[in-house]
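Student: The lines below spell out each chain.
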Amino acid sequence: MERMFKIVEKSKIWFTISLIIIIVGMATWLFKGLNLGIDFKGGTVVTIKIGKEFDVVELRKSLEKYDPQIDVREIEGYEVTIRSNKITTEQVNQIFNDVKAKYGLKDDALRSIDTIGPSIGKELRRSAIISTLLATLGILIYTSFRFELWSGLAAIIALVHDLLVTISVYTILQIPVNSSFIAAMLTILGYSINDTIVVFDRIRENRKLGKYHDFETLVDASITQTLARSINTTLTTLFTITAIYIFGVPSIKEFALPLIIGIISGAYSSIFIASPLWVIFEKRQGQRV
Amino acid sequence: MKTRGRIYFIVTTLLILFLSYVLVNGLTLGDYQVKPLSKIVKLGLDLKGGVYVEEEIVDQNVSKDTIERTRDLIELRVNSLGVSEPIVAITGSNRIRVEIPGIYDPKAALEQIGKTGRLRFVGPNNDEIITGKDVKDATVGVDQRTNAPVVQLKLNQEGAKKFAEATQKYLGKQIAIYMDEDLVSAPTVQSVIPDGEAIITGSKNVEEAKRLAGIIKSGALPVKLNPATIRAIGPALGAEAIPTSLKAATIGIALVMLFMLLYYRIPGLIADLALMVYMIITALVFTVVIKATLTLPGIAGLLLSIGMAVDANVLIFERIKEELKLGKSLRTAIDAGFRRAFTSILDSNVTTLIAGFVLFFIGTGAVKGFALTLIIGVLSSMFTAITVTRFLLKSFVNAGWITNSKFYGA
Numbered sequence: 001m002e003r004m005f006k007i008v009e010k011s012k013i014w015f016t017i018s019l020i021i022i023i024v025g026m027a028t029w030l031f032k033g034l035n036l037g038i039d040f041k042g043g044t045v046v047t048i049k050i051g052k053e054f055d056v057v058e059l060r061k062s063l064e065k066y067d068p069q070i071d072v073r074e075i076e077g078y079e080v081t082i083r084s085n086k087i088t089t090e091q092v093n094q095i096f097n098d099v100k101a102k103y104g105l106k107d108d109a110l111r112s113i114d115t116i117g118p119s120i121g122k123e124l125r126r127s128a129i130i131s132t133l134l135a136t137l138g139i140l141i142y143t144s145f146r147f148e149l150w151s152g153l154a155a156i157i158a159l160v161h162d163l164l165v166t167i168s169v170y171t172i173l174q175i176p177v178n179s180s181f182i183a184a185m186l187t188i189l190g191y192s193i194n195d196t197i198v199v200f201d202r203i204r205e206n207r208k209l210g211k212y213h214d215f216e217t218l219v220d221a222s223i224t225q226t227l228a229r230s231i232n233t234t235l236t237t238l239f240t241i242t243a244i245y246i247f248g249v250p251s252i253k254e255f256a257l258p259l260i261i262g263i264i265s266g267a268y269s270s271i272f273i274a275s276p277l278w279v280i281f282e283k284r285q286g287q288r289v
Numbered sequence: 001m002k003t004r005g006r007i008y009f010i011v012t013t014l015l016i017l018f019l020s021y022v023l024v025n026g027l028t029l030g031d032y033q034v035k036p037l038s039k040i041v042k043l044g045l046d047l048k049g050g051v052y053v054e055e056e057i058v059d060q061n062v063s064k065d066t067i068e069r070t071r072d073l074i075e076l077r078v079n080s081l082g083v084s085e086p087i088v089a090i091t092g093s094n095r096i097r098v099e100i101p102g103i104y105d106p107k108a109a110l111e112q113i114g115k116t117g118r119l120r121f122v123g124p125n126n127d128e129i130i131t132g133k134d135v136k137d138a139t140v141g142v143d144q145r146t147n148a149p150v151v152q153l154k155l156n157q158e159g160a161k162k163f164a165e166a167t168q169k170y171l172g173k174q175i176a177i178y179m180d181e182d183l184v185s186a187p188t189v190q191s192v193i194p195d196g197e198a199i200i201t202g203s204k205n206v207e208e209a210k211r212l213a214g215i216i217k218s219g220a221l222p223v224k225l226n227p228a229t230i231r232a233i234g235p236a237l238g239a240e241a242i243p244t245s246l247k248a249a250t251i252g253i254a255l256v257m258l259f260m261l262l263y264y265r266i267p268g269l270i271a272d273l274a275l276m277v278y279m280i281i282t283a284l285v286f287t288v289v290i291k292a293t294l295t296l297p298g299i300a301g302l303l304l305s306i307g308m309a310v311d312a313n314v315l316i317f318e319r320i321k322e323e324l325k326l327g328k329s330l331r332t333a334i335d336a337g338f339r340r341a342f343t344s345i346l347d348s349n350v351t352t353l354i355a356g357f358v359l360f361f362i363g364t365g366a367v368k369g370f371a372l373t374l375i376i377g378v379l380s381s382m383f384t385a386i387t388v389t390r391f392l393l394k395s396f397v398n399a400g401w402i403t404n405s406k407f408y409g410a
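Protein chains in written order, with the UniProt record's numbering: chain H, 1 to 289; chain E, 1 to 410.
Here chain E stands alone, though its shape is the one from the complex (with noise of 0.2 Å):
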C-alpha cells in the first residue's frame, strides 16, 4: 500500500509539472510539435488593437436573407482591407458586428463597410447610364499618361452594350461617376468605348483606388447602415494589456498558492496541485476544445474564477479539520470530510451554474464571454476537487512519508 501510494502521487505530481511545462514552453519531439499555449490562444481586439464596428441596420423589417447578404457583402468589402483574420457576423436582430485588427483609423474602416456602395454613371441630362450592376470586375491600374493610381471596370455584356451607346451620344461631352452621394470623377467621353472597358480616375492614392475598387466588386449593400458601436484600440494598449495582465495573473496565482501552503500544510500542497490540474483543464478548454478568443473582461473573469477554484478544497479542508479534532484517524477524517462537504459543494456550484447559464444564453459581449468562463470555471472546479484532490491527497496518505495529523489541519 505504502509503495502503490508513493508511486501514484510522484507519478500524479510529476506528470502535472510535465502538462504545465509542455502548455507554457511548448515541446518538439522529432517530427513531432506541441505549440504553447500562448502561440494557440486568439487574441481579441482589445489585446492586439484594431477597429470594431456595430452598424445597425437603418430598414425596418428586414428579412434574415438579406441580413445575411449584406454580412457576406461586408466581407468581401473587409477582406479586400488584406488584413488577417477579420470578423464579420450578426449580432442581435439588426446589427452587424465587424473586427479589423491591424487597423486603427475608424474612418478608413467605417468607409469601407458602411458606404451602400451604390455607383452610377450619370450623363450630362442626369440621366442613369450604367450602375453597379453592370460591372463585372473591378481592379486597380495605373493610368498610362498621369501614372496615377486608376479603378479599371470590366461591363458586362449589358453594361457593355449600354456604355457603347452612351459614348456615343455624349462624345465629347462629360460623364459624372457617383459613389453614393460622392462624385468621384467626372472625365470627358474622349471616345466610343465599345469593348466595355471603362476607368476611373480621381483615386488619391493607391490604397484608396483599392478600396473603391473593392466596394464597387462587392456590390451595393442592400440596406442602409448607421454605425452604431465604433471602437479603435490603438497598437499600444494591447501591447502593454498582455504584459501587464501576466504579471497580475503570476502575482494573484502564486499568492493563492502561497496561503493554501501556509494555512493548510499538507492538503495546501495539494489543493496547490489540483489547482495547477485546473488550470490546464481550464487553458485547454478555451484554446483548444471551444477555441475561445481572450479579452481583457475575459482575463479577469479567468483570474477571479481561480481564486474561486480553490474555494471547493478550502470546504474539504476544513471539514477534514473538524473531524480530526473530533479524535477521527486520518484516513477516516478524510472519507468523512469529503462526504460531508459534498452536499454544500453541490449546491454552492449549482447556483452559480444557475446565474451563469441566464447570463450566457441572454448577454451579449463581455457579459457573454464572462459566463462562459464562469461556467468552465465552476465545472473544472469542481471536478478537480472532488477526483484530483481526492486522489492524490489519499495516495499521500497511503505514501506515509508523513502520518501526523497536525501536519493535516489537527
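In isolation and in its complexed conformation, chain H is listed as follows (with noise of 0.2 Å):
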C-alpha cells in the first residue's frame, strides 16, 4: 500500500485555518486600516543614530515645536526615527542640528532622511494593481493551456490567498506598509505559484497514468509525492532570505519579512489550498478522473 498523507478529506480544516487570518486580517483592515508608510501618505522620515541610551519623551518635547503632531521613536541600536507630514527640507535641517547638539554627534550620525510628495503613493497603488492584475491574468491563461481552465482558476485562488495572508500579518501586526512592502507582494506573486504548478503537474501525469481510482487519492497521492521537493524548496529559501532578516540593516528587513510570510504562505496553499479546490472544482463539473 502506497504511503499517503490524506490532505484533501480535511479540506475544511485547511480552509478554515485560512479563512480566520484573512478574515482577521480583513476586519483588521477595515477597522483600523493599514499602517501605511509615508511612500503611501507622504511626508518626512529622519533616521538619526544616537548611539547611546536616550530619552524619546524628552526628544519628542523638544521638537515638538517644528510639529505638534511629530512622531519620534526610538528604533533597534540607538537609532530614532522623527516623522512628520509638515515639516519643510530647511526644519529637517534645523531639527537634525538640534539633535546633533542636544548629544554631542557629529555629521555623520545622519542615517536617512526620506521625503515623499503625496502624489508618489497614488502613482505606486495604481502600478502595483495593474502589475498584479496582468501578472495573474497572464498566469491564469498559461496554466489553462497548459492545464485546464480549473486547475489555473485554483492556482490563482492559492495565489490571491497569498497575498491577503501576507497583508492580514500586515494589518494585524500593523507593521509599516512602504513601497518595499509592494515590491515584496509582487515578487510573492512571482514565487508562490511556482509550487502549486509543481503540485498540478504531478497530477496531471498521475491522472494520465490512471492508477486512482477518486479524485481524493489523486490528489493526495500525487502531493504526497512532492512533499519533499515543497518543502526542501522552502527551506532553501528560508534560509537565505532569513538570514538578510537577521543580520541585515532595517531598510533591507522591511523587504525580507513579507517574503518570508509569503513563501511560508505559498508552500502552504500549494498544498492545502490549491489542490483541495481543484478537487471541488473538477467534482462540481462532474468530471471523472
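Don't read these hints as lab results, they were simulated from the structure. Keep in mind that the hints are not guaranteed to be accurate.
Here are the simulated lysine-lysine pairs, DSS-like style, with alpha carbons at most 27 Å apart [to be verified]: (1) Lys291(E) with Lys253(H); (2) Lys107(E) with Lys102(H); (3) Lys122(H) with Lys107(E); (4) Lys328(E) with Lys208(H); (5) Lys204(E) with Lys154(E); (6) Lys211(H) with Lys6(H); (7) Lys321(E) with Lys211(H); (8) Lys136(E) with Lys204(E).
A few chain H residues that don't get close to chain E, going by computed Cβ distances all over 12 Å [claimed, not checked]: (9) Lys86; (10) Gly104; (11) Arg284.
Computed spacing ranges between beta-carbons, pair by pair [claimed, not checked]: (12) Trp401(E) with Gly210(H): 33 to 43 Å; (13) Gly26(E) with Gly210(H): 57 to 67 Å; (14) Arg73(H) with Phe407(E): 51 to 61 Å; (15) Val22(E) with Glu58(H): 46 to 56 Å; (16) Leu137(H) with Lys368(E): 14 to 24 Å.
Note that the Cβ used here is the ideal one computed from N, Cα and C, for glycine as well.
Hey, can you piece these two chains together into the complex? The hints should help.
Tutor: So, in C-alpha cells, the structure goes:
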C-alpha cells in the first residue's frame, strides 16, 4: 500500500485556518486600516543614530515646536526615527542640528532623510494594482492552456490567498507598509505560483497514468510525492532570506519580512488550498478521474 | 569511460572553483589583470550614501523636448557640484530623477537642482536690465578689495551693450540682482561698465559662489519643478549595509549548500557545484552584461533567488530517488529523473517568468530591479540545472568512484 497523507479529506480544516487569518486581517484592515508608511501618505522621516541611551519622550517634547503631532520613535541600535508630514526641508536641517547639539553628535550621525510627496503613493498603488492584474491574467492564461481552466483558477485563488495572508499579517501586527512591501508582494506573486504548478504537474501526470480511481487519492498521492520537494525548496529559500532578515540593516528587513511570510504561505497554499480546491471544482463539473 | 568521466568531473570542478576564486579575489597575469567583482559592481545610492531627488514638472502639457532640455540643464548644474557619477534621468511622464552620491544635505542639493535659475538685473525703477540669457559665462573669482568670493559674469554682445547703457543711466544708483525671487545682492553702480563684465557679490563662501555660477551658466529651466521625493542616505548606513549583507549572504548560502549535501549526498554535492555556476553566471550577467546597479532590495532579491535556484535540482533529485526506489539502475534512474522532472521545471518557471516580465515592464524603481533579478535568476537556474547538473552528475557516475545507489538517494 502506497504511503499517503490524507490532505483532501480534511479540506475544511485547511480552508478554515486560512479563512480565520484572512477574515481577522481584513476586519482589522476595515476598522484600523493598514499602517501606511510615508511612501503612501507622504511626509518626511529622518533617522539619526544617537549611539547611546536617550529619553525619547524628552526628545519628542523638544521637537514639538516644529510640529505638535511629530512622531519620535526609538529603533534598534540606539537610533531614532522622526516622522512628520508638516515639516519643510529647512526644518529637517534644523531638527538634525538640534538633535546633533543635544547629544553631541557629528554629521555622520545622520542615517537617512526621506521626503515623499503625496502624488507618489497614488502612482505606486496604481502601478501595483495594474501589475497584479496583468500578471495574474498572464498566469491564468498560461496555466489554463498548459493544464485546464480549473487548474488555472485554483492556482490563482491560491495566489490571491498568499497575497491576502501577507496583507493580513501586516494589518494584524500593524507593520508600516511602504514601497518595498509592494515590491515584496509582487515578488510573492511570481514565486509562490511555482509550488502550486509543481503539484498540478504531478496531478496531471498521475491522472494520465490512470492508477488512481478517485480525485481524493489522486491528489493525496500527488501531494505526497511532491511533499519532500515542496518542503526542501521552501527551506532553502527561507535559509537565505531569513539570514538577511536576521543580519541585515533595517531597510532590507522591511523587504525580507513580507517575503518570509509570503513564502511560508505559498508553500501552505500549494498543498492545502490549491489542490483541494481543484478537487472541488472538478467534482462540481461532474468530471471523472 | 571511467577515465573520461573522471577527467570531465575533475576538470569541470576545478574550473568552477577557479572561476569563483577569480571573481572574488581578482587575478593578475603579467600585464593582464582581472578585477574582482566587488571592484566592478556599481553600488546604488542606498549602499554608498547620497541624495536622491525626484523632481516633478508642475507645468501641464510639457513637450518631450522641453523635458529633455530640462534634464540636460539639471545635469549641467549637478555636474558643477563636482561629485563622481551623478545620475540625472527622466522617469515616468513628468518626473526627473537625480541621484547625487557623496552629498548628504538635501537642502543644498535641492537648491542646486530645483531653482528655476531666472537671473535678473533690475534697475531702481523696477525695469529689467539684463537676464540670464545675456550671460555668456559665469566663473568664480575673488573680490580684490574684500577678498570675498564673487561670481564673475561675462556678458554676450547684446548684454554688454544693454549693461553699458544701464550703468551710465543709473550711475551712483543701486541695481538689484535677483535669482528667482531671492535678492542676491544690490550693488551701487560706481562707474560705467562698457566691456560686458559684471560681478555678483554677496556669496557667503566659495561653495555658494560656485553653486550660483553653476546655476547661472546652465541657464534658466524652462519649467517649474516641485520635489516629489527626497531621500538622503547618510554615509554610515551604506558602510554598515555592505558587511551585514555579506555576512547574511555567506551564512545563507552556506546553509543551503550544507543542507543539499546532507540531504541529497552525491547529487547534493553536484547541486552545490551547479549553484556555484549559477552564482557565477548571475554575477557576470549583472555586473558585466547589463551593468546593473546593486541596491539593498537587489541584494535581498539575489539572495532569495539563490535559495530558489536549487529548486530545479531538488525536483530532479526527488525524481531520481523515486526511480531508484522502483529498482532502476543508477544510470537509467538519472536519465529518467531528468526527463520526468522537465515539465515541472518548465511550467513552474514559465509562470514565474510571466510575473517577472509583467513587473519588469510595468513596475518602477525597486520593483523593476527586483523583477530583473527574478528573470535572470529563473533563466540561469533553469540553464544550470538542465546542463551543468546533468553533465556533472553523469560524469561522476561514469567515473565510478561511488556506485552504491544509497549515496544517490535510494
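Student: All the hints need checking, so say for each whether the structure fits it.
Tutor: Against the structure, the hints:
For the proposed pair Lys291(E) and Lys253(H), the alpha carbon gap of about 25 Å is at most 27 Å, so the pair holds. The hinted pair formed by Lys107(E) and Lys102(H) meets the criterion: a straight-line CA distance of about 22 Å does not exceed 27 Å. Note on Lys122(H) and Lys107(E): the hinted pairing holds, with a Cα-Cα distance of about 25 Å set against a maximum of 27 Å. At roughly 21 Å between alpha-carbon atoms, Lys328(E) and Lys208(H) fall within 27 Å of each other, so this suggested pair holds.
Proposed proximity of Lys204(E) and Lys154(E) is supported: the alpha carbons are some 21 Å apart, at most 27 Å. Using a Cα cut-off of 27 Å, the hinted pair Lys211(H) and Lys6(H) holds, with the two alpha carbons roughly 17 Å apart. For the suggested pair Lys321(E) and Lys211(H), the alpha carbons sit about 20 Å apart, so the restraint of at most 27 Å is met. For the hint pairing Lys136(E) with Lys204(E), the CA-to-CA distance comes to about 24 Å; that is within 27 Å, so the pair holds.
Against the 12 Å criterion, Lys86(H) stays outside the reach of chain E, whose nearest CB is about 15 Å from its own CB. Every Cβ of chain E is farther than 12 Å from the Cβ of Gly104(H); the closest lies at roughly 16 Å, confirming the non-interface assignment. Listed as outside the interface, Arg284(H) is consistent with that label: its C-beta sits roughly 24 Å from the nearest C-beta of chain E, beyond the 12 Å cut-off. Taken as a hint, the range 33 to 43 Å holds for the pair Trp401(E) and Gly210(H), whose Cβ atoms sit roughly 41 Å apart.
For the pair Gly26(E) and Gly210(H), the beta carbons lie near 59 Å from each other, so the given range of 57 to 67 Å is met. Checked against the hint of 51 to 61 Å, the pair Arg73(H) and Phe407(E) passes, with Cβ atoms roughly 54 Å apart. Distance hint check for Val22(E) and Glu58(H): the Cβ-Cβ separation is about 55 Å, which falls inside the suggested range of 46 to 56 Å. The given range of 14 to 24 Å is respected by Leu137(H) and Lys368(E), whose C-beta atoms sit roughly 20 Å from each other.
The structure fails none of the hints (numbered hints given earlier).
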